[in-house]
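Engineer: Sequence:
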Amino acid sequence: MQLDYTSLAALLAAAEAAGRPLSELVLAQQAEELELPPEQVYDRMARRYGVMAESAVQGCDPALRSASGLTGGGAAKMKAAVEAGRSLTGPVLGGALTRALAVSELNAAMGRIVAAPTAGSCGILPAALLTMEQEKGCSRHACVMALFTASAVGMVIARNACLAGAQGGCQAECGSAAAMAAAAIVELAGGAPAQVGDAVAIALKNVLGLVCDPVAGLVEVPCVKRNAAGVAGAFVAAELALAGIPSAIPPDEVIAAMKKVGDAMAPALKETAEGGLAATPTACRLRRQLLGRDGGWEPRP
Numbered sequence: 009m010q011l012d013y014t015s016l017a018a019l020l021a022a023a024e025a026a027g028r029p030l031s032e033l034v035l036a037q038q039a040e041e042l043e044l045p046p047e048q049v050y051d052r053m054a055r056r057y058g059v060m061a062e063s064a065v066q067g068c069d070p071a072l073r074s075a076s077g078l079t080g081g082g083a084a085k086m087k088a089a090v091e092a093g094r095s096l097t098g099p100v101l102g103g104a105l106t107r108a109l110a111v112s113e114l115n116a117a118m119g120r121i122v123a124a125p126t127a128g129s130c131g132i133l134p135a136a137l138l139t140m141e142q143e144k145g146c147s148r149h150a151c152v153m154a155l156f157t158a159s160a161v162g163m164v165i166a167r168n169a170c171l172a173g174a175q176g177g178c179q180a181e182c183g184s185a186a187a188m189a190a191a192a193i194v195e196l197a198g199g200a201p202a203q204v205g206d207a208v209a210i211a212l213k214n215v216l217g218l219v220c221d222p223v224a225g226l227v228e229v230p231c232v233k234r235n236a237a238g239v240a241g242a243f244v245a246a247e248l249a250l251a252g253i254p255s256a257i258p259p260d261e262v263i264a265a266m267k268k269v270g271d272a273m274a275p276a277l278k279e280t281a282e283g284g285l286a287a288t289p290t291a292c293r294l295r296r297q298l299l300g301r302d303g304g305w306e307p308r309p
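In terms of the working numbering, the sequence shown has 50 at position 42, counting the first letter as 1, and numbering is strictly consecutive.
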């Protein structure tokens, strides 16, 4: 089986022609390429999903803190708010925010996560899938399969743009993760391949130009909260696409635009911690507290 991972349109057209979810085609192609039975490839993905589920639970520990002390405990607070009925958006989005914070905070605390597609954006895809399973009743099997669709989207983005904040800003990390999550949500909700593409395009468009500006060079502030925003954006994109609202710009063109925007970004806005929020007075004070006055670079004026 031949699948073209340089074009999302080609992948979705193949799924449409086959009358099957994209995940099934990707699983079959990957099994053929790896020369393994499909069941074994599925089991590998299921183990990764298991790690995602574990990290979402562990990250809700109220006592969890990163070594820097900058992050931790946020997921527990969000979880308490949802369980007490204080969430403005209810258990679906409130639960997704909780899980995104949990996984990202666990990463900051050096816990075990799945980088999907990166460690800095690790909370978005797990939060989307686990929320669809736990709040919307999707089967675990369906959620594992949806990971194959998300992975295909990530591969297309990686081949045509990038996934690293150091190369393309946070639009490449949390943006790509949100696009992958949006695609997975649409498939889980029974959306058509074209709607998967619309969701990917909408999710990426909504964060086009997002910079990577980690305070003190740590993947904590504002990264953890951007994971929460990323999963919210994924659900927004999926809702719009499933309602039949198309993206005016095709997903492959949005991906190409993201690359051009990333290439045009100043180095200070691409994970160097020299610009954006990382250069604010408070961020500079935190950096000095954590690293010492002679702890490295000084932000650019």
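If you're looking for bench data, these hints aren't it; they were derived computationally from the structure.
A portion of the hints provided could be inaccurate.
[Said to hold, decoys possible] With a straight-line Cα cutoff of 25 Å, these simulated SDA-like cross-link-like pairs (lysine to any residue) come out:
| no. | residue 1 | residue 2 |
| --- | --- | --- |
| 1 | Lys267 | Ala251 |
| 2 | Lys268 | Gly252 |
| 3 | Lys144 | Ala172 |
| 4 | Lys144 | Ala75 |
| 5 | Lys233 | Ala172 |
| 6 | Lys267 | Ala123 |
| 7 | Lys144 | Arg73 |
| 8 | Lys144 | Lys267 |
| 9 | Lys213 | Arg73 |
| 10 | Lys213 | Ala117 |
| 11 | Lys233 | Ala21 |
| 12 | Lys213 | Thr14 |
| 13 | Lys85 | Lys213 |
| 14 | Lys85 | Asp69 |
| 15 | Lys144 | Ala84 |
| 16 | Lys233 | Ala200 |
| 17 | Lys85 | Ala237 |
| 18 | Lys144 | Ala200 |
| 19 | Lys213 | Met273 |
| 20 | Lys233 | Val122 |
| 21 | Lys233 | Thr14 |
| 22 | Lys85 | Ala240 |
| 23 | Lys233 | His149 |
[Unchecked claim] Quick list of the computed label-pair ranges, beta carbon to beta carbon:
| no. | residue 1 | residue 2 | range |
| --- | --- | --- | --- |
| 24 | Ala25 | Ala127 | 35 to 43 Å |
| 25 | Pro275 | Leu42 | 47 to 55 Å |
| 26 | Ala127 | Gln10 | 52 to 60 Å |
| 27 | Pro275 | Leu44 | 38 to 46 Å |
| 28 | Pro289 | Arg167 | 38 to 46 Å |
| 29 | Ala174 | Ala17 | 41 to 49 Å |
| 30 | Gly145 | Ala89 | 34 to 42 Å |
| 31 | Arg296 | Asp271 | 49 to 57 Å |
| 32 | Pro289 | Ala127 | 50 to 58 Å |
| 33 | Ala88 | Gln10 | 27 to 35 Å |
| 34 | Glu247 | Pro275 | 16 to 24 Å |
Note that the structure is predicted; figures quoted are calculated from it, not measured.
For glycine and all other residues, C-beta sits at the position ideal for the given N, C-alpha and C.
Engineer: Check whether the Cα positions of Lys213 and Arg73 lie no farther apart than 25 Å.
Structural biologist: violated, 33 Å
Engineer: Can you let me know if the beta-carbon spacing of Ala127 and Gln10 is within 52 to 60 Å?
Structural biologist: violated, 32 Å
Engineer: So the hint says 50 to 58 Å: do the beta-carbon atoms of Pro289 and Ala127 match that?
Structural biologist: violated, 28 Å
Engineer: Would you check the hint for Lys233 and His149, treating anything up to 25 Å between C-alpha atoms as holding?
Structural biologist: violated, 29 Å
Engineer: Holds or violated: Lys144 and Arg73, Cα atoms, limit 25 Å.
Structural biologist: violated, 30 Å
Engineer: Would the hint linking Lys85 and Ala240 be met if the CA-CA limit is 25 Å?
Structural biologist: Judged against 25 Å, a Cα distance of about 17 Å means the pair holds.
Engineer: Between Lys85 and Ala237, does the CA-CA distance stay at or below 25 Å?
Structural biologist: holds, 16 Å
Engineer: Given the hint that Lys233 pairs with Val122, test it: the Cα-Cα distance must not exceed 25 Å.
Structural biologist: Status holds; Cα separation ~18 Å.
Engineer: For the pair we were handed, Lys233 and Ala21, check the Cα-Cα distance against 25 Å.
Structural biologist: Violated, at roughly 35 Å.
Engineer: If I claimed the Cβ atoms of Pro289 and Arg167 lie 38 to 46 Å apart, would that claim hold in this structure?
Structural biologist: Given range 38 to 46 Å: holds, Cβ gap about 40 Å.
Engineer: Is the hinted pair Lys267 and Ala123 satisfied, with a Cα-Cα distance of at most 25 Å?
Structural biologist: holds, 21 Å
Engineer: Are the Cα atoms of Lys213 and Thr14 separated by 25 Å or less?
Structural biologist: Status holds; Cα separation ~19 Å.
Checked against the numbered hints given earlier, the structure breaks hints 1, 2, 3, 4, 7, 8, 9, 10, 11, 13, 16, 21, 23, 25, 26, 29, 30, 31, 32, 33 and 34 and satisfies all the rest.
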